[in-house]
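Trainee: Chains A and B are the protein sequences, given in the same order. Residue numbers for the first sequence follow our numbering, beginning at 23 and rising by one. Residue numbers for the second sequence follow our numbering, beginning at 235 and rising by one.
These aren't lab readings, by the way, just hints derived from the structure by calculation. Owing to the predicted nature of the structure, the values given are computational and were not obtained by experimental measurement. Don't be surprised by glycine CBs; every beta carbon is placed ideally from N, CA and C. Among the hints, erroneous ones may be present.
[What the hints assert, rightly or not] Over the 10 Å line for every Cβ pair with chain A, so calculated as not near, a few chain B residues: (1) 237; (2) 244; (3) 249; (4) 252; (5) 254; (6) 277; (7) 293; (8) 295; (9) 303; (10) 322; (11) 334; (12) 343.
[To be verified] Derived, one-sided and incomplete: chain B residues facing chain A with beta-carbon distance under 8 Å: (13) 276; (14) 286; (15) 304.
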Amino acid sequence: DAKTTQPPSMDCAEGRAANLPCNHSTISGNEYVYWYRQIHSQGPQYIIHGLKNNETNEMASLIITEDRKSSTLILPHATLRDTAVYYCIAPWWDNQGGKLIFGQGTELSVKP
Amino acid sequence: EADIYQTPRYLVIGTGKKITLECSQTMGHDKMYWYQQDPGMELHLIHYSYGVNSTEKGDLSSESTVSRIRTEHFPLTLESARPSHTSQYLCASSTSGRELFFGEGSRLTVL
Chain A
23 DAKTTQPPSM DCAEGRAANL PCNHSTISGN EYVYWYRQIH SQGPQYIIHG
73 LKNNETNEMA SLIITEDRKS STLILPHATL RDTAVYYCIA PWWDNQGGKL
123 IFGQGTELSV KP
Chain B
235 EADIYQTPRY LVIGTGKKIT LECSQTMGHD KMYWYQQDPG MELHLIHYSY
285 GVNSTEKGDL SSESTVSRIR TEHFPLTLES ARPSHTSQYL CASSTSGREL
335 FFGEGSRLTV L
């Protein structure tokens, strides 16, 4: 797995955009960037993934820099229910499959 | 909605007991995983399987063992539980190994 670095915590006001950064300077050309979140101590939930292009789904947007050394997860209108730990992962795969190694993530607190 | 189930959700047992945590999925996923997480701490991968009769140890050494006799079933066993095994155990499954679907977890307390 490429090493990823995230800030340990962030705050965001309810209704504002939450921008969560992730550095992955050692990522290789075929490694995707994945984002998951874990609310309290529930099982992590998949959010989004990308390789080079920016991606958007109903939950979030993912902006990946052109050199692929960093990315930003954007929650466009954060709600209190978005309070969670967010994990940025760049897993390594072989022809059998792969495994996701979760780091410490960023603890996002959305405040009223 | 993911169909992956873990039982029991909560278990309190005494030291030395043998326990099995069950994990079942109805999605036909080849890949299954066990993670361990202490309160407020990181998730650690302890076991994974790419398919029937395939099991591998994860990045965190664990005294638990797993088996994969059927695609849908990936139980985790502790032969002799100790207080140090007190933790939450999360099971996940996937087709690609990229998008994981997690169960609700099994919280184990060993007295």
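Trainee: Indicate, hint by hint, whether the structure satisfies it.
Mentor: Against the structure, the hints:
With a least CB separation of 13 Å from chain A, residue 237 of chain B remains clear of the 10 Å interface cut-off, as annotated. No Cβ of chain A comes within 10 Å of the Cβ of residue 244 of chain B; the nearest lies about 12 Å off, and the non-interface call holds. A cut-off of 10 Å between C-beta atoms confirms that residue 249 of chain B is not in contact with chain A; the least separation is 24 Å. Annotated as non-interface, residue 252 of chain B keeps its C-beta farther than 10 Å from every C-beta of chain A; the closest such distance is 25 Å.
Here residue 254 of chain B stays apart from chain A, with its beta-carbon at least about 19 Å from theirs, past the 10 Å limit. For residue 277 of chain B, the requirement that its beta carbon stay farther than 10 Å from each beta carbon of chain A is not met, with the minimum near 4 Å. Against the 10 Å criterion, residue 293 of chain B falls within the reach of chain A, whose nearest CB is about 6 Å from its own CB. No Cβ of chain A comes within 10 Å of the Cβ of residue 295 of chain B; the nearest lies about 14 Å off, and the non-interface call holds.
The claim that residue 303 of chain B lies off the interface holds: its Cβ sits roughly 19 Å from the closest Cβ of chain A, which is beyond the 10 Å cut-off. At roughly 6 Å, the least C-beta separation between residue 322 of chain B and chain A is not larger than 10 Å, which violates its mark as non-interface. The beta carbon of residue 334 of chain B sits about 6 Å from the closest Cβ of chain A, which is not more than 10 Å, so the claim that it is off the interface is violated. Annotated as non-interface, residue 343 of chain B keeps its C-beta farther than 10 Å from every C-beta of chain A; the closest such distance is 14 Å.
Here the hint on residue 276 of chain B is kept, as its CB sits about 6 Å from the closest CB of chain A, short of 8 Å. Hint status for residue 286 of chain B: violated, given a least beta-carbon distance of 13 Å to chain A, over 8 Å. The closest approach between the C-beta of residue 304 of chain B and any C-beta of chain A is roughly 18 Å, which is over the 8 Å cut-off, so the hint fails.
Checked against the numbered hints given earlier, this structure breaks hints 6, 7, 10, 11, 14 and 15; the rest are met.
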